[in-house]
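Colleague: Below, each chain spelled out in residue letters.
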Amino acid sequence: MPVPATQVPRNLDIDRLLSHHRLMWRIRAFEEAALQANTEKLVLGAIHPSIGQEAIAVGVCCNLNRDDILSSTHRGHGHTLAKGADATAMMRELLGREGGTSHGKGGSMHIADFEVGMLGANGVVAANIHITAGAAHAIRLRGENRVACSIFGDGAINRGPFLEGLNWAKVFELPALFVCEDNGFASTTRTAAMTGGPGPAARAEALGVPAVEVDGNDVMAVDEAAREAVAAIRAGGGPRFIVAKTYRLTGHTAADAAPYRPKDEVDEAWRHEPIARLAQVLADAGVKGAVLAGHERDAREEMDAVYADAKAAPWPPLSRGYEDVQDAGDPRQGAF
Amino acid sequence: MPVPATQVPRNLDIDRLLSHHRLMWRIRAFEEAALQANTEKLVLGAIHPSIGQEAIAVGVCCNLNRDDILSSTHRGHGHTLAKGADATAMMRELLGREGGTSHGKGGSMHIADFEVGMLGANGVVAANIHITAGAAHAIRLRGENRVACSIFGDGAINRGPFLEGLNWAKVFELPALFVCEDNGFASTTRTAAMTGGPGPAARAEALGVPAVEVDGNDVMAVDEAAREAVAAIRAGGGPRFIVAKTYRLTGHTAADAAPYRPKDEVDEAWRHEPIARLAQVLADAGVKGAVLAGHERDAREEMDAVYADAKAAPWPPLSRGYEDVQDAGDPRQGAF
Amino acid sequence: MATMTYGEAGKQALAEEMRRDPLVWAVGEDLGRGGVFGQYKGLVEEFGPLRISDAPISEAAILGAAVGAAMTGTRPVVEMRFADFALCAVDELINQAAKARFMFGGQARVPLVVREPMGMWRSSAAQHSQSLEGWYTHIPGLVVVCPSTPADNKGLLKAAIRSDDPVVYFEHKNMWALEGEVPDGDVTVPFGVARTAREGRDLTIVSWSATVHAATKAAETLAGEGIEAEVIDLRTLWPWDREAVFASVAKTGRLMVAHEAVQVGGFGAEVAATVAEHCFKDLKAPVKRLGSPRVPIAYAPPLEDMLRVTPEKIAEAARAVVSES
Amino acid sequence: MATMTYGEAGKQALAEEMRRDPLVWAVGEDLGRGGVFGQYKGLVEEFGPLRISDAPISEAAILGAAVGAAMTGTRPVVEMRFADFALCAVDELINQAAKARFMFGGQARVPLVVREPMGMWRSSAAQHSQSLEGWYTHIPGLVVVCPSTPADNKGLLKAAIRSDDPVVYFEHKNMWALEGEVPDGDVTVPFGVARTAREGRDLTIVSWSATVHAATKAAETLAGEGIEAEVIDLRTLWPWDREAVFASVAKTGRLMVAHEAVQVGGFGAEVAATVAEHCFKDLKAPVKRLGSPRVPIAYAPPLEDMLRVTPEKIAEAARAVVSES
Ligand SMILES: Cc1ncc(C[n+]2csc(CCOP(=O)(O)OP(=O)(O)O)c2C)c(N)n1
Ligand SMILES: Cc1ncc(C[n+]2csc(CCOP(=O)(O)OP(=O)(O)O)c2C)c(N)n1
Ligand SMILES: [Mg+2]
Ligand SMILES: [Mg+2]
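Each protein sequence line maps, in turn, to chains A, B, C and D. Quick note on this note's numbering: the first sequence kicks off at 157 and runs consecutively. Quick note on this note's numbering: the second sequence kicks off at 157 and runs consecutively. Quick note on this note's numbering: the third sequence kicks off at 741 and runs consecutively. Quick note on this note's numbering: the fourth sequence kicks off at 741 and runs consecutively.
By construction, these hints were calculated from the structure, which means they are not laboratory data. For clarity, every value in this text was computed on a predicted model and none was experimentally measured. Some clues are possibly wrong.
Unchecked claim - Dumping the calculated EDC-like pairs for lysine to aspartate or glutamate here, alpha-carbon to alpha-carbon at most 20 angstroms:
| hint | chain 1 | residue 1 | chain 2 | residue 2 |
| --- | --- | --- | --- | --- |
| 1 | C | LYS1053 | D | GLU1017 |
| 2 | D | LYS1021 | C | ASP1022 |
| 3 | D | LYS1024 | D | GLU939 |
| 4 | A | LYS467 | A | GLU457 |
| 5 | D | LYS1053 | C | GLU1017 |
| 6 | C | LYS781 | A | ASP412 |
| 7 | C | LYS957 | C | GLU1052 |
| 8 | C | LYS991 | C | GLU1064 |
| 9 | C | LYS1021 | D | GLU1064 |
| 10 | D | LYS1021 | C | GLU1064 |
| 11 | D | LYS1021 | D | GLU983 |
| 12 | B | LYS197 | D | ASP1045 |
| 13 | C | LYS1024 | C | GLU939 |
| 14 | C | LYS1024 | D | GLU1017 |
| 15 | C | LYS1021 | D | ASP1022 |
| 16 | D | LYS1024 | C | ASP1022 |
| 17 | C | LYS1024 | D | GLU1064 |
| 18 | D | LYS1024 | C | GLU1064 |
Next comes chain A alone, as it looks inside the complex:
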């Protein structure tokens, strides 16, 4: 039975939301494959899943062009996919294989795809804030109309780069978008316990960077906030800040069972997880369940194939270990 047209809010762009839904499922399925790889000990290094936070990656990155810049954190798979990176190359990178985005030399915490403007996840909390400020600085020096965006966690707002980097972007009126994924935790610690003052938005405002807070599990809200922010930035309005509230549905890493939080809390959070929320909106708008289920199935199939490909991919040749170090000086044993 077709849903009567009146049930669809006028301002819903169904195609855009379907594309969000598809991408959110791709991110979730990618993360699940990554967890599987961890379980199978095909990834030895830490994996930080972004399950439950997909709406932020999608809502922000859908407002960035391919030549806009993105930098991310340890929890960066979703951002990287949303910026347009190839899942196959990403999974190979996670498994440390040839054909990985960085030839297997960076891995999960340094996932990057410069082709799509993704200048890297970062293993050092908040370090990407400076890098983004600098990318925005370069854009301004070059007179381009690009935006540089940095996504980081709520734990990052307690490091110096939050102050120095946002101040920098404001002082030079740079085209920079800062997005704080406020998932309530920094590793095993509740960030509220270690954070003074009213929170990320107030800190940004105090540095002169206009800030908004959104429900980070509502992809439409994130999309809208990012659209406005990016438009203001492109219009020469200087840096903008978005705080997106969310919840980390998994442990901090694949190895973290997260016993430090009550099951109730996690169960409750699952009831607000962003994909189901969007699916509900779409269903209410008359999209067929089969379409939505198809997104999930397609995503799982894609990521199963991606994972299978990565498992079968060869290791990088050892020579890679000496490549791309620096032009001057031979780094090899025996050369010094």
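Fit chains B, C and D with the ligands to the given chain A structure using the hints.
Modeller: Positioned in the frame of chain A, the structure of chains B, C and D with the ligands alone reads:
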């Protein structure tokens, strides 16, 4: 002619103000002697005079007890004197002589007197913020009723420690007082040009640290703000922040003629300098000119003597250069 | 004596020192849940959250506040989580902690321990794998400690906590689970006294931290070939036990230094140069260093493995040294 | 050829590179007024405040933003004011700039110059006097440059700005006013090629930065005593010119390294160890290092002087080396 009592605002504590006036003159005269020492090439390292900023040192430190902690910046002579350090030992330190507060090993930028709770000036902008947060942490761990105070410049609010240190003090609700001397300059740069947002107080508030702004050239205002802040801290209220607006009447260092600012601006600033302002209040309150002139004369005489003493003092023996390095391991050449 | 892991031995040392001295406290991210490697598990239950304190992600404040807290009469033990993250707090360690005592003419004391889990461990890649102990040996005012056994992790951590000067304390991540005998009770290991991990007459192999075990294994292999290597575990890099090394080289006539850190500019250079300077007449063969190539640490297991200083590589280098004379 | 100071030569290099390439820009505190040592005087007038940019007191942001700006197609030259303050930006330099190219599998290039005025200078005390060049040689991905003459400060700074990899560039504060002949126009000095500052047959003295001049003076004194020292100015510490040093040692049979940095863990250890490893048969006497004692730098002039590596100390050490064989 005695001034009619009605002309004295009721709440003026004349004795306290006289003591402020005396101490401000002592600081000014000390700085002038230090500049003289620089001119005579008896101090080779940088001297950062606090001429024009005496009211902050005095207004803050008169609210600290001897066992309260103070840490300061490169521009720390005034703070150190106000905390009760001995001028003779301080001047010997500036001239690198035996009998200096640190045996001549630290000099102007590291002036310290632990006997009076002065844990050191610091050559690294903003580094003292962390140190103060930590001193306050120790006070809390030891269950003492002391306060730790940090004075720093307006340039320091652009370094990470401002965020990290104030956040730390707030999160642990530590007995810490942070004082920003906002003299409008960071070296040769106008701080406003390099500072985003509404300023130091807003930044502190955004970190949860209650802040007030005062006229830093009005010693009574600073005294009052500090009194209230210290009382709140001692009552267990956690950290407090004071911004005191002032002007650096000299160059950044003794070697800086400050050609980057118009003479008019400096002349105008001299018209608001804190000692004359306090003298006017006292004169209006009926204090004799001779008393006030006596403070200046006494201060100059004292610091002339202090300078003469330092000039005549011996160099530290070379053995000092190997002392107080660390207990373990011989640092000497040939020992390794 | 009890058998326990390297991680447990460190925990026991900290707990004993905290019981002994109420001014000892620890601070770092996630300590209230036992720390990222479980090194603090259970301690908050005994000592409470003031003395086993969580921290914001503010390495600079953790270290900088510890400097102030140490100068104000407490004895902080700060956890940097990974040695790599201590690079966010270098001003605090080098310009403040290390210099305060001297710069203030002896007025300040900074009894501070900075724990820095170091080294390559399971595809941790370039920003979570570094061995930078050599850096800190170059900084006057710092003690540098690199324990290689559970027993030493207890005895040296206790000594570090009792030190009135700042100590940079490197635990190797690959050894958390390493088991060994640990003396009961209040046993400290003094700074600057090396341990002879194995005696031998043909060649001296100097090492520290996890590489000591690789060197010992290499020595066993070599013994099967008739080469008797003496393995010296320096335990502390500053001060370091020159006398023990010189005495060994006087006996063997050959020196090799093996460490996981990048070879160029590593502490092996200091040991090799010192021996070359002082034991010239004793040396039958050139001194020899073995460390990592000068490349960042890669993620992919085979590329990471390529950088490891293994028993095989040590044995091979040792054979070359012995055959050169 | 024109005669100019070391500081002016650096300025000329920067100006020429900025004229040549619009993507070169400089950023640091107070640059708009010429920089704290006048090294940028007049440049803002020519290039404007966007390309000769002031900065907040945010060393970490200066360096960190420069990494991002370098990865995004510009060539930043960042001014750290004092090498000591670069310690506020170590994560940005070591964990980010140095590793980005490798860690991202060659996707990133970081053409960045970090200028770090170094060394003892007029009672600047413990936090404004350090020589930490050795540290950076230990970090894969970094080029380390230490020019000792005006000509080299021009040629090496130009090469550094053209480098597609990050360069840590140490200018010694004591040499700002040093005058010398500087080639006109577009002359660069390649990395890794040492300069023989003085030829000699009896002893090789390796040095860099300001200490080269002390070594040359020492060599003159020694020549009066019949000892002919060869003085090699490394110019760049990574890469460093091993071949030139080996060739010289092959001729003289004796090596000494002199530098201002703390001797323990300094780059002198790397040079001495490398020569001890590779030139064993050539060496007639033990290698010898001369650096600072392992103490923070004191403020009082006599205590500061005590730490300086002077021509007298170098000559004395050289005599000892020569007389040992
Ligand atoms: C400078 C630094 N300190 C500590 C860590 C260890 N660490 C990795 S992730 C993390 C928590 C980060 O929390 P948040 O910023 O909120 O991001 P989230 O993990 O919640 O996405 C910590 C402490 C690090 N990577 N870098
Ligand atoms: C981390 C650091 N960067 C740079 C400097 C050089 N420096 C010394 S004082 C100063 C200006 C400080 O300005 P402000 O904090 O306002 O203090 P003021 O000099 O005005 O008292 C600068 C940039 C330093 N000492 N430390
Ligand atoms: Mg978080
Ligand atoms: Mg100022």
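Colleague: Now look at each hint and say whether the structure bears it out.
Modeller: Against the structure, the hints come out as follows:
Proximity of LYS1053/C to GLU1017/D is assessed by CA-CA distance (about 17 angstroms); at most 20 angstroms being required, the pair is judged to hold. Pair hint LYS1021/D plus ASP1022/C holds up; C-alpha atoms about 14 angstroms apart against a cutoff of 20 angstroms. Of the supplied pair hints, the one linking LYS1024/D and GLU939/D holds, its CA atoms being roughly 19 angstroms apart against a limit of 20 angstroms. For the proposed pair LYS467/A and GLU457/A, the alpha carbon gap of about 15 angstroms is at most 20 angstroms, so the pair holds.
Between LYS1053/D and GLU1017/C the CA atoms are separated by roughly 17 angstroms; this keeps the pair inside 20 angstroms, and the hint holds. For the hint linking LYS781/C to ASP412/A, the alpha-carbon distance of about 15 angstroms falls within 20 angstroms, and the restraint holds. With a C-alpha separation of about 9 angstroms, the suggested pairing of LYS957/C with GLU1052/C holds against the 20 angstroms cut-off. Straight-line distance between C-alpha atoms of LYS991/C and GLU1064/C comes to about 17 angstroms, which keeps the hinted pair within the 20 angstroms bound.
A threshold of 20 angstroms between alpha carbons decides the hint, and for LYS1021/C with GLU1064/D the separation of about 11 angstroms falls inside it, so the pair holds. Taking the CA atoms of LYS1021/D and GLU1064/C, the gap is near 11 angstroms; set against the 20 angstroms cutoff, the hint holds. For the hint pairing LYS1021/D with GLU983/D, the CA-to-CA distance comes to about 16 angstroms; that is within 20 angstroms, so the pair holds. Annotation: proposed proximity of LYS197/B to ASP1045/D holds, straight-line Cα distance about 16 angstroms (limit 20 angstroms).
Between the alpha carbons of LYS1024/C and GLU939/C the distance comes to roughly 19 angstroms, so the proposed pair stays at or under 20 angstroms and holds. Between the alpha carbons of LYS1024/C and GLU1017/D the distance comes to roughly 12 angstroms, so the proposed pair stays at or under 20 angstroms and holds. Note on LYS1021/C and ASP1022/D: the hinted pairing holds, with a Cα-Cα distance of about 14 angstroms set against a maximum of 20 angstroms. Our distance criterion of 20 angstroms between C-alpha atoms is met by LYS1024/D and ASP1022/C, whose separation comes to about 14 angstroms.
At most 20 angstroms may separate the alpha-carbon atoms for a hinted pair to count; LYS1024/C and GLU1064/D meet this at roughly 18 angstroms. Straight-line distance between C-alpha atoms of LYS1024/D and GLU1064/C comes to about 18 angstroms, which keeps the hinted pair within the 20 angstroms bound.
In summary, this structure violates none of the numbered hints.
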